[in-house]
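Heads up: the protein sequence lines correspond to chains Z and Y, in order. Basically this note's numbering = 1-based index in the first sequence + 25. Basically this note's numbering = 1-based index in the second sequence + 478.
Accuracy of the hints is not assured; some may be wrong.
[As the list claims (entries may be wrong)] For each label pair, taking beta carbons as the anchor points, the in silico distance ranges come out as: (1) Y:THR589 - Z:VAL56: 31 to 41 Å; (2) Y:SER488 - Z:PHE339: 42 to 52 Å; (3) Z:ILE307 - Y:CYS496: 55 to 65 Å; (4) Z:LYS37 - Y:GLU504: 43 to 53 Å; (5) Y:THR649 - Z:LYS37: 43 to 53 Å.
Note that these hints are calculated values from the structure, not bench results. It should be emphasised that the depicted structure is a prediction, and the values quoted were computed from it without experimental measurement. Backbone N, C-alpha and C fix where the C-beta goes; we use that ideal spot for every residue, glycine too.
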Amino acid sequence: MTSTTYSKSKIKQGVSVFLWTVKSNLSTLVVYLSILAFFIIINWVICAGTKTAFNSNVMLAETFLTAMVIGLIVSIKSFSYLHDKRQTDMTGALPVSRRTLFFSRLISSTVISGIPMLIIYLVINIFFPNNQSMVLPDNSFFVTLNVIIYLFSNISLFGLLSICCGKTSDKIVSFIVLNLLTPFAVYFLTILPASLLMGYSVNLHPDFLLFLSPAFAFAGTNPVYWVIFSAVCLLLSFVLIKNRRAESADSGFAYKLPLIAIKVLVSFSVGIVSAFMFIVTIENNNDYLIFWSGMIIGSLTAYIIIQIIFAHGFTGFLKGLIPYGAMLICFAVLFSSLHFGWFGFETYVPDVNDIKSVSFTASNPIYINGVNITAHEVYDKKVIEDTVKAHKKIISIESFKDRKMLERTKVNYLYEKNNESDIKELGTDALNFNVTYTLKNGIKIQRNYSNFTTYGDASTNVPFLQSEEYTVNSNPLFVCDEKYFIFVEVEKLEDEDFATYGGIQRESKTAKKLIRTIKEDYKKYGFSSSSSGYLLTFMTSNYGEKKKDGEVSLYPLASVNVPSNYSKTLNLIKSLP
Amino acid sequence: MIEIKNLSKSFGDVKALCNLNLDVEEGAVFGLVGSNGAGKSTLLRVINGVFKADGGETLIDGESTFENQKIKDKCFFIPDYPYFSNSSTIANTAFFYRNVYSGWDEEYFNTLCSTFPVDKNRKIINMSKGMQRQSALILALSTRPKYLFLDEIFDGLDPVVRKLVKKLIITNVTDNNMSVVIASHNLRELEDICDYIGLLHKGGIILEKELDDLKLGIHKVQIAFNSEVSDDVFNNLEIVNKMKSGNLYTLTIRGAQKDFMAELESLNPVLLEALPLTLEEVFINEMEGAGYDINNIL
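Let's have the full structure, built from the sequences with the hints guiding it.
Pasting the structure below:
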C-alpha cells in the first residue's frame, strides 16, 4: 500500500484538472482547428484566385467568431460540474479545492479556445510569408493577442455567471441578457435626464456602450479595460466559489443578488425602451402618460417572461414580483426627481458675481486626444451679464418649458446620434444656447438648450443669441485652432436642393486658407443671409490621427453657407483647381 | 474517527438534517438506514464536503471536512448515481485520480480490474448500472481511502458481485483499518457487513446501536403446548410481540436468551425453539417499542 500522507500540491492538482478538462474536450478542439484550417484554405483560395492580398481582418473576424462560439461551448462543458447534481457529487468530494477546480477549468477553457488562434497565426506567418499572396499586417500578433484577451473576458464573465446560476440554461440566458440589454439600459438611463431636464445634455464616448458588453468587445474597445474587467470577474469568482451552495445545481440561482439584478435589468431595459418607443410612435399630448404606459407594459411583460424562464414555471411568482415593484418605485422616484426638478437643476442660474468666465460651445464639446478643442473662455463682464440674462430668459419661456419629452433632448437619440446636427452654421439663426460657466470657486456649470426656432422667435425672445459675441464664440470656425481643420468639403448648391450637392474634398492646406478668408470677409461684411450657393463643411479627424493605412475618420466640425457678398472667399473657391 | 455534532442542513424550507449527532469509530462499518427523504444522502454529502452544513460540525480525524483537501484525500464517496463523463473509461479516470489522490495504489488498481468482470478501456456510460457501480468501486478502493462512503452501493449488483463487494470491503476494513459508512434501504445487505446501524428519520438519528447488541438483546421464540395455557404464564418475560395460533405461540422477547429460555422450559412445552431475527424484524420491534410507527419510517 502506498503512503496516504497528503502530498499533492495545489499546482499539481490544478494541472491534473486542467489536463483532464483538455482531454475531455479533445473532440471539440479537433473540430475547432478543422474549422479554422478550413477558413485559411478558403481565404487562400480566394486570394490566389483573385490575386488579391489576404484580408487579415476577415480572417481574424472569422477566427474570433469561431473562437467565441467554441469558447462558450467549452465553457458550458467545463463549468457544467456546477450545474449537474451528479457531477457536483463527484467534484465536490474530490481532494481538490473549489477554487483550484474552478480556475483550472477556466484556464483550460481559455487555452482550448485561444491557443488554436495562435497556432493559426503561426501557420499563416510560416506558410504564407508577407511576400506571398497572404499578407498579414505587422501588428497581427497583437491583434490576435487582443482577441484572446476579449475571449478571456467573456469566459471570465461566463465563469462568474456559472457560479451564480444553478442551471446551464439560466447561465446562457443571463450571459445573453447581460450582453444585449446592459448597453440598452445604461444608454436610455443616460438620455432620460436629457429628456426631462431643460438644459441637460449627454455626451457619450463612442466606445462607452461597448464597454458594457464583452460579447461585442472585439468591435474595438480597449483591451486594457477588458483585462481589468476579467480581473474583476475573477476576483468575484474567487470570493463566491468557495461558499457556493452546491445544492443549487439543477435548481435555482446559487446567489440571489445576481438573479434579482438580472431580472431587474431585463424588465428595466425592455421597459425603458418600450417607453421611449411609445412616445415616439403614439401621438398624444400627454407624453408622461404614454411614457409610463410603455414603461409598465414593457417591463412587466419582460419581468413575467424572465421570471417564468428562471423559475421554470410559476413557482414563487408573486414573491418574485417584489424586486420588480422595488425597481418600478426606484425608477418612479428618479423620474419624479428629474421631472419635478427636485434638485433645482432647471431653475438654477449662477449669480453674475460668482462667475469667473463663460464659454459657448458647439452643442456637444468636441474632444481630440482628450482635449476639448471647442473650449474657450470669455472673461468680459458685459458678456457674462448678457449671458446670465439670456439664460434666465430662456428658462422662463413658457412654450419651451412645455415642450414634449423627446423634444427636450438635443438630439433625437432614438433614431440616430447624428454629428451633423451639431454643426454650427455661420450666419444662421441661433438654434442652440450652449454655455459653460466657470465659477470663481472653480466649479463648472454647463447648460445646453436647443432648437429655439421651433418655439418662438429666438431673436425676439433672446436677443443675445443673435449677438456677435454669442455667434462668434459659439462657432468652432472662430474658436477652434485651425490645425484641427484637416479637411474641407466644397459643395455647390443646385436648384435649392442641398441633396444634390456634388462635393469636392480638399486637404488641410486649402481648409486653412478658406478659414482665413472667411474670417477676413466676416470682419469686413459681418453676417449675411444672402447665399452664394456654396456650402463649405470643415472637418476634423475623429481622433486627430491618421491611421497606418492612410485613411482618416472625418468628423464635421463647422459649416458655412457662403454669403454672396463674401467676395474674397468666393474668389478663392472659384480659383480652386 | 468521524464525529458529527449538532449537524443541520436545510434546502429552502425543508430541513434535511436537524441537530444530528453521530460518531463512527475507526475501522467500523456503519450502516445508515432510513426511509426516502430521511437525509441519508444529504448526510453523506455533508460529511464529504459536497454540501456545506448550515450549522454544527463534521469532523474526520478531528478536522472539519468542508474544503479540507487533507481530509478529503483520505475519503472517497460513491454517490447513489456516480458520475462519469461521456468519454470516461476506468483507465482514463484512473489517470486523473492517480494525480489527485495521494493514496492511489496502482498495483491494487490492476488487481481490482482483474477481479471485477469489467473492461477498463470501455466507456463507462455505456455500461449497465451494476457495472458502473463496480467501476466506481474499483476506482474508489484504488485510492486506498481511510474512509469510504457508499450510497446504495448494492443497488443493481448481482448476487455474486454483491458478495465480492462485501468481501472487498471487509478485507479493506480488516487489513487497512478502513472505516465505511453505507447508506441503504436494504437492511438484509447491511446485516451481513455492518458493525453499527443508525436509523435516520426526519433528519435526525433516532436509533444508533451495535448490530450485535441489537440482535442479542431481542429474540424470536416458537413455543407449543399440549393444551391451552393462559397468557399470564408469560408475565415474567419482557414480551415485545406475541402471536398465537392454536396452542403455538410466536414470541419476540427482549432480554438474555439464557434467562428467558430457562423460564420457558419451566412451562413444560412440547416445542421450544429460538429463531434468528432478521435485522428488519429487530428494527421493527425496536422502533415499535420506542413508540414509532415503523411502517412510516422504513
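Now the hints, each set against the structure:
no., hint, verdict
1, Y:THR589 - Z:VAL56: 31 to 41 Å, "holds (39 Å)"
2, Y:SER488 - Z:PHE339: 42 to 52 Å, "violated (23 Å)"
3, Z:ILE307 - Y:CYS496: 55 to 65 Å, "holds (58 Å)"
4, Z:LYS37 - Y:GLU504: 43 to 53 Å, "violated (28 Å)"
5, Y:THR649 - Z:LYS37: 43 to 53 Å, "violated (30 Å)"
Hints 2, 4 and 5, counting from the list given before, are not met by this structure.
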